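Asks: Residue numbers (this note's numbering), protein chains in the order written: chain A, 190 to 471; chain B, 3 to 243.
FYI, nobody ran anything at the bench for these hints, they're computed from the structure.
If you're wondering where the values come from, they're calculated on a predicted model, not measured in any experiment.
Even for Gly, the Cβ is constructed at its ideal location relative to N, Cα and C.
Check the hints yourself; a few may be wrong.
Below, computed lysine-lysine pairings styled on BS3-like, alpha-carbon distance capped at 25 Å [as the list claims (entries may be wrong)]:
1) A:LYS333 <-> B:LYS188
2) A:LYS212 <-> A:LYS463
3) A:LYS452 <-> B:LYS34
4) A:LYS457 <-> B:LYS237
5) A:LYS370 <-> A:LYS422
6) B:LYS188 <-> A:LYS452
7) A:LYS303 <-> B:LYS237
8) A:LYS463 <-> B:LYS184
Covered stretches of chain A, as calculated for chain B (at least 3 residues, CB under 8 Å) [as the list claims (entries may be wrong)]:
9) 200-212
10) 326-336
11) 344-352
12) 398-412
In silico negatives: residues of chain A with every beta carbon more than 12 Å from chain B [to be verified]:
13) MET190
14) ALA192
15) ASN240
16) GLY290
17) ARG296
18) LEU301
19) TYR304
20) GLY307
21) PHE308
22) THR366
23) ASP394
24) LYS422
25) GLU430
26) GLU436
27) LYS438
28) LEU449
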Amino acid sequence: MDAFGKYKTVVSARATDKKILKKSQDGGIVSAAFIYGLENGLLDGVIVADNAGEFKAVPKVATTPEEVLEAAGTKYTVCPNISVLKSAVREYALEKVGIVGTPCQIRAVRKLMKYPVGFRHTDSKIALTIGIFCMENFPYMGLKTIVEEHCGVKMEDVVKMDIGKGKFWVYTKWGETKAIKLKETHPYEQIACHVCTDYTAELADISTGSVGSPDGWSTVFVRTIRGEEFFNKMVEDGYLEIKPIEEVKPGLGLVEKLALTKKEKNTKEIEHRKELGLPVPY
Amino acid sequence: MVKIAHIHMCGCTGCLISLADTYEQLLDILNKVELVYALTLVDEKTEIKEIDDKIIIERKIPDDIDIALVEGSVCLDDEHSLKEILEVREKSKIVVALGACAATGGVTRFCRGNQMSKPVHSSFVPIGEVIKVDLALPGCPPSTESIVKLIGAALNGDTVYLEPYAELANKTEVCGCDLLYKVVNKSLCMGCGTCAAACPTRAIEMLDGRPNVLKELCIKCGACSVQCPRIRFPKLIEEIE
Numbered sequence: 190m191d192a193f194g195k196y197k198t199v200v201s202a203r204a205t206d207k208k209i210l211k212k213s214q215d216g217g218i219v220s221a222a223f224i225y226g227l228e229n230g231l232l233d234g235v236i237v238a239d240n241a242g243e244f245k246a247v248p249k250v251a252t253t254p255e256e257v258l259e260a261a262g263t264k265y266t267v268c269p270n271i272s273v274l275k276s277a278v279r280e281y282a283l284e285k286v287g288i289v290g291t292p293c294q295i296r297a298v299r300k301l302m303k304y305p306v307g308f309r310h311t312d313s314k315i316a317l318t319i320g321i322f323c324m325e326n327f328p329y330m331g332l333k334t335i336v337e338e339h340c341g342v343k344m345e346d347v348v349k350m351d352i353g354k355g356k357f358w359v360y361t362k363w364g365e366t367k368a369i370k371l372k373e374t375h376p377y378e379q380i381a382c383h384v385c386t387d388y389t390a391e392l393a394d395i396s397t398g399s400v401g402s403p404d405g406w407s408t409v410f411v412r413t414i415r416g417e418e419f420f421n422k423m424v425e426d427g428y429l430e431i432k433p434i435e436e437v438k439p440g441l442g443l444v445e446k447l448a449l450t451k452k453e454k455n456t457k458e459i460e461h462r463k464e465l466g467l468p469v470p471y
Numbered sequence: 003m004v005k006i007a008h009i010h011m012c013g014c015t016g017c018l019i020s021l022a023d024t025y026e027q028l029l030d031i032l033n034k035v036e037l038v039y040a041l042t043l044v045d046e047k048t049e050i051k052e053i054d055d056k057i058i059i060e061r062k063i064p065d066d067i068d069i070a071l072v073e074g075s076v077c078l079d080d081e082h083s084l085k086e087i088l089e090v091r092e093k094s095k096i097v098v099a100l101g102a103c104a105a106t107g108g109v110t111r112f113c114r115g116n117q118m119s120k121p122v123h124s125s126f127v128p129i130g131e132v133i134k135v136d137l138a139l140p141g142c143p144p145s146t147e148s149i150v151k152l153i154g155a156a157l158n159g160d161t162v163y164l165e166p167y168a169e170l171a172n173k174t175e176v177c178g179c180d181l182l183y184k185v186v187n188k189s190l191c192m193g194c195g196t197c198a199a200a201c202p203t204r205a206i207e208m209l210d211g212r213p214n215v216l217k218e219l220c221i222k223c224g225a226c227s228v229q230c231p232r233i234r235f236p237k238l239i240e241e242i243e
């Protein structure tokens, strides 16, 4: 089974701007790319998942680096990013839109680019898609239960959440760190995630995630010609520092392991659903 | 040259405008095809008859059409409407239900305006309920780009690309309900929001990451359902460069 889908290069990278690193989840690749795009005229607006307070995620059209920074960091809950795509093109009159999304959302974008039935004059305005590694997502109430019931932390006190080393981590504004085993969070997963076999956002121009790289760095797959051009320029202009993936730990092996785990587990679930006569995405 | 005709049934001309809105791409298409019949875009064949001292001028649908793009639904209360759609079927190799009215009935059946419609909504049926349709492209109107891509694929004989549209031709109901019955209720919705963005009447709001379809606004154009990556995801989308 092919773990990663098509790609041209894979590296370990992080933003060079300290401001970004302070706010970002890991290496700040998404924020750095969007800020680079906005500052250098490669993008004139981007769709991001903003924190609407207490880690409620809302899609937002950002047109300035400040807005991008405000929205930095992972929110482990559903955020319908694509729902604002048409308004980004119509109401904000954007000509070059960047979109960040989970693998399923990037698939949705690819579908609307190939079959743009309800997206008049929109697909040509999509300038860059960045996908983020994703094992599963939580509905907001599920996330709240994990944080409040299992971690014993009030949602309003949370400043950052993280998944790594087999645990779900919560950091509070009081400087506390709480962690529970990832296993405890499984019951709160969005069921729809169990039929998804895409871990590394295989259809994005660029995909990124923390897995495979050291703390504070991200693994980056550059997949398309468009993604490659953008990424190379970004590195040349000093927005990112990169290291060969072979030289970092834990390295690509771990990404491969997780990607294959997702594929195998969810392929089984798809087969199971078929046996029961339930519909599956086809 | 491939002969293409745009046939206007009971619709608002929005689909024709969407076709014309291709700007320079329209020229590309027109260079490759012979547009034999279309309101405003080409001169139409007319037949002039004299009956009982009256001069009757009738538009005439040309013979041997390769691809007929049919916009609008069929009005069962109008004899001409029925005659015309049957004539189109007889004279065309491929019939495309272009847009929601032709594919599902669209606003002619499901508009929720305040006015009394005459004839009543129940008089209008999607063309697929009267004739066999080969391809259906829902949406109100379907985007310019999707029309161009469909015509392009038809010219190139790209049946793989056209497959989803061929499947849609076999049904005349696609709408926001699909999202609820086929996706949300089957735990397939992951909350991407594509349906909400695709909706031309803003009938879909995202509540807690799930689509909520406002039935007062839904005109059953099918854009949301067609666009949903969890209802149909053709393999060829995975070919990226």
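Asks: Each hint needs a verdict: does it hold in this structure or not?
Replies: We went through each hint and held it up to the structure:
1. A:LYS333 <-> B:LYS188: holds, 24 Å
2. A:LYS212 <-> A:LYS463: This hinted pair is violated, its Cα atoms lying about 43 Å apart.
3. A:LYS452 <-> B:LYS34: Answer violated: A:LYS452 to B:LYS34 is near 44 Å, above 25 Å.
4. A:LYS457 <-> B:LYS237: holds, 19 Å
5. A:LYS370 <-> A:LYS422: violated, 40 Å
6. B:LYS188 <-> A:LYS452: Cα-Cα ~20 Å, so holds.
7. A:LYS303 <-> B:LYS237: With Cα atoms ~11 Å apart, A:LYS303 and B:LYS237 stay inside 25 Å; holds.
8. A:LYS463 <-> B:LYS184: holds, 14 Å
9. 200-212: Result for this restraint: violated, n = 0.
10. 326-336: holds (count 4)
11. 344-352: Violated, because only 0 residues of the segment 344-352 of chain A bring their Cβ atoms closer than 8 Å to Cβ atoms of chain B.
12. 398-412: With 1 residues close enough to chain B, the hint is violated.
13. MET190: A:MET190 clear of chain B: closest Cβ-Cβ about 15 Å, beyond 12 Å.
14. ALA192: The claim holds: A:ALA192 sits with its nearest Cβ about 15 Å from chain B, beyond 12 Å.
15. ASN240: Nearest chain B Cβ is 15 Å from A:ASN240, so the label holds.
16. GLY290: violated, 7 Å
17. ARG296: Check fails; 5 Å does not lie beyond 12 Å.
18. LEU301: With a cut-off of 12 Å, A:LEU301 comes too close to chain B, as the shortest Cβ separation is near 6 Å.
19. TYR304: Contrary to the label, A:TYR304 does not stay out of reach of chain B, its closest Cβ about 7 Å off (not over 12 Å).
20. GLY307: violated, 3 Å
21. PHE308: violated, 6 Å
22. THR366: Nearest chain B Cβ is 28 Å from A:THR366, so the label holds.
23. ASP394: violated, 8 Å
24. LYS422: holds, 18 Å
25. GLU430: holds, 27 Å
26. GLU436: Answer for A:GLU436: holds, closest chain B Cβ roughly 28 Å.
27. LYS438: At roughly 30 Å from the nearest Cβ of chain B, A:LYS438 sits farther out than 12 Å, so the non-interface label holds.
28. LEU449: Correct as stated: the minimum Cβ-Cβ distance to chain B is 18 Å, above 12 Å.
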